[in-house]
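Knowing the structure of chain A, use the given hints to seat chains B, C and D on it.
So the chains spell out like this:
Number of protein chains: 4
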Amino acid sequence: MLYFENDYCEGAHPDILKRLLATNMEKLPGYGTDKYSDSAKEKIKKACNCPQAEIFFLVGGTQTNTVVISALLQRFQGVVAASVGHICVHEAGAIEYTGHKVLELPHTEGKISAQHLQEYLQTFDEDANHDHMVFPGMVCLTHPTEYGTLYTKKELSDIRAVCRQYEIPLYLDGARLGYGLASQSSDVTLTDIAALTDAFSIGGTKIGALCGEAVVFPKRSPAHFTTMIKQQGALLAKGRLTGIQFDTLFTDDLYLKISKNAIQTAARLKDALRAKGYRLYLDSPTNQIFVILEQTRMKTLSKSVTFSFWEKYDQTHTIVRFATSWATNMDDVDALIRLL
Amino acid sequence: MLYFENDYCEGAHPDILKRLLATNMEKLPGYGTDKYSDSAKEKIKKACNCPQAEIFFLVGGTQTNTVVISALLQRFQGVVAASVGHICVHEAGAIEYTGHKVLELPHTEGKISAQHLQEYLQTFDEDANHDHMVFPGMVCLTHPTEYGTLYTKKELSDIRAVCRQYEIPLYLDGARLGYGLASQSSDVTLTDIAALTDAFSIGGTKIGALCGEAVVFPKRSPAHFTTMIKQQGALLAKGRLTGIQFDTLFTDDLYLKISKNAIQTAARLKDALRAKGYRLYLDSPTNQIFVILEQTRMKTLSKSVTFSFWEKYDQTHTIVRFATSWATNMDDVDALIRLL
Amino acid sequence: MLYFENDYCEGAHPDILKRLLATNMEKLPGYGTDKYSDSAKEKIKKACNCPQAEIFFLVGGTQTNTVVISALLQRFQGVVAASVGHICVHEAGAIEYTGHKVLELPHTEGKISAQHLQEYLQTFDEDANHDHMVFPGMVCLTHPTEYGTLYTKKELSDIRAVCRQYEIPLYLDGARLGYGLASQSSDVTLTDIAALTDAFSIGGTKIGALCGEAVVFPKRSPAHFTTMIKQQGALLAKGRLTGIQFDTLFTDDLYLKISKNAIQTAARLKDALRAKGYRLYLDSPTNQIFVILEQTRMKTLSKSVTFSFWEKYDQTHTIVRFATSWATNMDDVDALIRLL
Amino acid sequence: MLYFENDYCEGAHPDILKRLLATNMEKLPGYGTDKYSDSAKEKIKKACNCPQAEIFFLVGGTQTNTVVISALLQRFQGVVAASVGHICVHEAGAIEYTGHKVLELPHTEGKISAQHLQEYLQTFDEDANHDHMVFPGMVCLTHPTEYGTLYTKKELSDIRAVCRQYEIPLYLDGARLGYGLASQSSDVTLTDIAALTDAFSIGGTKIGALCGEAVVFPKRSPAHFTTMIKQQGALLAKGRLTGIQFDTLFTDDLYLKISKNAIQTAARLKDALRAKGYRLYLDSPTNQIFVILEQTRMKTLSKSVTFSFWEKYDQTHTIVRFATSWATNMDDVDALIRLL
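Chains as they are written, first to last, in our numbering: chain A, 1 to 340; chain B, 1 to 340; chain C, 1 to 340; chain D, 1 to 340.
If you are wondering where the hints come from, they were derived from the structure by calculation, not from laboratory data.
Just to be clear, a hint being listed does not mean it is correct.
Any copy will do: because identical chains look the same in the list, a pair fits if it lies in one copy or spans two.
Once the Cα atoms are required to be at most 20 angstroms apart in a straight line, the calculated EDC-like pairs of lysine to aspartate or glutamate come out as [unchecked claim]:
id, residue 1, residue 2
1, K27, D332
2, K35, E5
3, K312, D283
4, K35, D15
5, K153, D192
6, K303, D253
7, K312, E126
8, K154, D187
9, K276, E54
10, K219, D38
11, K260, D127
12, K299, D127
The shape of chain A in the complex, shown without the other chains (with noise of 0.2 angstroms):
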């Protein structure tokens, strides 16, 4: 069986175990103050080019997003995502769990712009009821978005202008973000990202960790960030567990240079599925691919590859998705080109 069902399948980047293993046994303090913890976030900052940004650790993407968003808002704000954002649809409420409303924008191909969130913001302005309605406290953007689209820096350049005009944070959920910068589409660097949010975060999970997102503050942290993050049980006993991985994706441009292995074996089927005649749903530099199968077409491939049901198309064909990672074979990507 191939497997291109998700790109959290496999385990660790190697380097990463060699370094859990090297380190073991040292003594090491709790909760993230542990030097290699330390050395992870002086590289990020580093990469960041951003030596006053704040950076914390974070095991998942979901409790990523919950503490980051509930920690931003004021209690009687929401946050401004795309109606298709993981946030407003698979993450089980866990937004709305901690008291917030998510204010759900229109997107293409996953993306908001910034034209609808000025407009929205300034409807909000000028309603006279605005009172009694769930004032817009930041806006979140997936980069890669949900179907592996890329904001360009200009779209994020004028999305930050909007959230500047009206005062409110804007926040880079970047659970794929390696993907993201390793695409040959995307002009946005870890730089400009730095500069134009006020948070983001950089995924570890999907690209070469066992878990493991670092959150990145360009600016400065909410006032007691740990304090919250303690609060909604986030907070890792072994900070080393998370330290010593984004120490080491960090080292060496690691997590560029894995992240560009999804990419390339991406492409290659991309290429693949065109040249055999397959429509893409839309077409993603990243390292997602959603195709529109027929469905007869879908069941033989699901006897030998494993891939993800995305929605129905229309009553004969489905979109479904192909997802590469850090770790996919290109040997697995040629066997899954001769089969289609």
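The following block gives chains B, C and D in isolation, referenced to the frame of chain A:
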């Protein structure tokens, strides 16, 4: 520097790292549905002598408490716990953040009594105004307690009987459960705990794992518990990480075997402290030793050994804690004894 | 100035004030346990033809929605409602503040359909990932809707059937229920509503009372509902205030009688608007009339009459709302008509 | 039957009902923006000698506490209060429902001391682990307390000084404030309270109103407080109801005048109790009298007079409470005295 500050300063037991390495590139499904998580659950059921138990793996101790407690309570209920319980003091209000009050009972050396519990529940029941009060909806014990003490089987059974009478579930926070099971002073087995509680945790973080707590529901789990885990941002994408760790810990009794090391090293230290005329604050039968130190003595010691400041005893004395663990070296204990 | 801005601009029906005055110095027990509250409940049960109903009195509409919805939902569930529903837009995130998501359905003139509901629930059920999503735990209808429209008995029955099939309760927000019952276009009676829902409210604030909404559970109320009311700060010490008001409103059909005035005055206004060539935005059969006004016309009118700005229609037109109530004077309607 | 069970068993002061009647058919804007609410605010500002105060009207006491406290706290903070405070015991966990812990201090006759507060805050500050604890974010006093006792101006000033030192706001729950102000034993005026606190409430429900508490922020209100009131379902549509009541209560000193009746009737009763050899549980200078009754005596009395069971004193005695109010008739007091 000798390190006796806590029981989570090392990484993982070497067998765990070996297993993580051996299985690293296997492609496994996410969210705890992998075969190693399944295998770990089977082994824990066997160890508990409880084939019908339902088991889940979470990442940390505070997370486990907040997820389990908020899943077991109705929204108008609170959780009864000893006033020194971890959930009362050192979880940054995680229980309250989920909307529930912690109803505090008096304690003796960290333990509540069946009698106090009975009085509390009866008083509540008889109070004509109790519709204006928080309903006691469950009981949470810590075992070993925050003072390293242990409930006897008789004490647990008595508390269990009161819970039955008032039809509220009993939850046992076992963040250090292995050290309780391994103590010679204890007459309580895993089978007893499974028989006497409605939910309990088996701590991995402090006993050999990089992270991870097993949550056991001996009878049945709350409906849609996985969704509630997700809702609190506590669902690990790579469930293999906790699955493999617990599978290793529950292979060939590793969990109990390594727990014994903490007990033996603590016992040696305790004997030496007594022999040298130190006053113990209380007689803990597990891996935490609480000593009353004169302050200049404390200062001198702190130059060559780390320990935890617990609380002020009087103007000239302080209570400090020495903790051993699965990883504590007997040579380090001897070195510490020479310093005393 | 003529006043058609809303249906809560006057105080109470004079009979209510008379009763408050007559009973004022009687010494009565608190928290809704007084004889007038009891009497009001009996009368409402009779009006609903539902002797086993359990009834509670709350103070306001948003309060009623947040208390009832958060009492009926499990913590991993959300409430399904029309995307223009009051709970979605104009309650400042009150539902989310209690930890629950509002799951929005498309609407037609404010109403959801059994078909859309069925599709939504079926899609959720069939989604293999639904454990990572918010479970639909109840349905909330507004009747009359925010656009003044009414569900037919057939529509309610169909929605009811879908709720039954998926075993989730149906709640009807009746903040303006009297105006729905009094409308000639309606084939829905209080008896129907009690038979077809699991909970509904009977609005007093907009129909003759100073404040107060009756919450009716036709089958059974959630356990410890009073405690949950208290927990949300919604339990009135002097329950007599709502009890006496509802006892008066449900004596000699006062509630329905005074509701009819709103319908008759609205009907006269609607006829006149049509006769004079105004375009109605939709044809509301209750006390709210939505008209598309050209902007200079709107400005002129606003000098002598108050109404609500609803939303922009196009560059030169605006949708405005005229509301009548139990207290609207037909002379005022005629004066308004002369201005049109 | 004589009625001394509580201070909210009658309706409203007749002047209030008269005003409600006189203004009943006036058309007024909603949500507290009417002219009577404005006028009431002006009168309260004058009574507090605090022209810059911001004032809001809420409906009930528990509602007021939960709305004000959750608006003043950051999400990682709790509220410090006496362990017998209403928010600790008799509000069904309303504070915890908003996500915040109540941090309990010991009390003397219902009052906390500046010294205990100082020790608590200092201990927290000095605790090296306090990032894992709930931050004390404000102090809540009840005045008069649940035992009818009063803070002196010196005590309030001392507590105020500690709050200043630790930069946390001071909130005074004045559900029975009038009875405190009217007591001859008190040296505290409304002006003092406005000068010494950051927020306080002026109870109407127990002092002449049908419902209603005024919330006063002497310096400034939390940003978007109205939205937070709405978010908790506490915004009254017909704000005139509370506005007119408070406007009446603060016209010609009515609030203080009627409060005095409660003090005078309580004083007569207290003197009689003492003269007849009854033991008072404590010496309350306000409208609540706590007496230690032998149980057969209690039973006999309860046949002809209502009072509140407070708590068991010993095997043969019970503490009961007699409450007077603005509406208590001196004849009833004399009748009660004859029964003693």
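Structure-based check of all given hints:
| no. | hint | in the structure |
| --- | --- | --- |
| 1 | K27 - D332 | between (41 angstroms within a copy, 12 angstroms between copies) |
| 2 | K35 - E5 | between (36 angstroms within a copy, 17 angstroms between copies) |
| 3 | K312 - D283 | within (18 angstroms within a copy, 37 angstroms between copies) |
| 4 | K35 - D15 | within (18 angstroms within a copy, 25 angstroms between copies) |
| 5 | K153 - D192 | within (7 angstroms within a copy, 58 angstroms between copies) |
| 6 | K303 - D253 | neither (38 angstroms within a copy, 40 angstroms between copies) |
| 7 | K312 - E126 | between (39 angstroms within a copy, 12 angstroms between copies) |
| 8 | K154 - D187 | within (9 angstroms within a copy, 57 angstroms between copies) |
| 9 | K276 - E54 | neither (48 angstroms within a copy, 47 angstroms between copies) |
| 10 | K219 - D38 | within (18 angstroms within a copy, 43 angstroms between copies) |
| 11 | K260 - D127 | neither (47 angstroms within a copy, 32 angstroms between copies) |
| 12 | K299 - D127 | between (51 angstroms within a copy, 18 angstroms between copies) |
The structure is inconsistent with the numbered hints 6, 9 and 11, although it conforms to all the rest.
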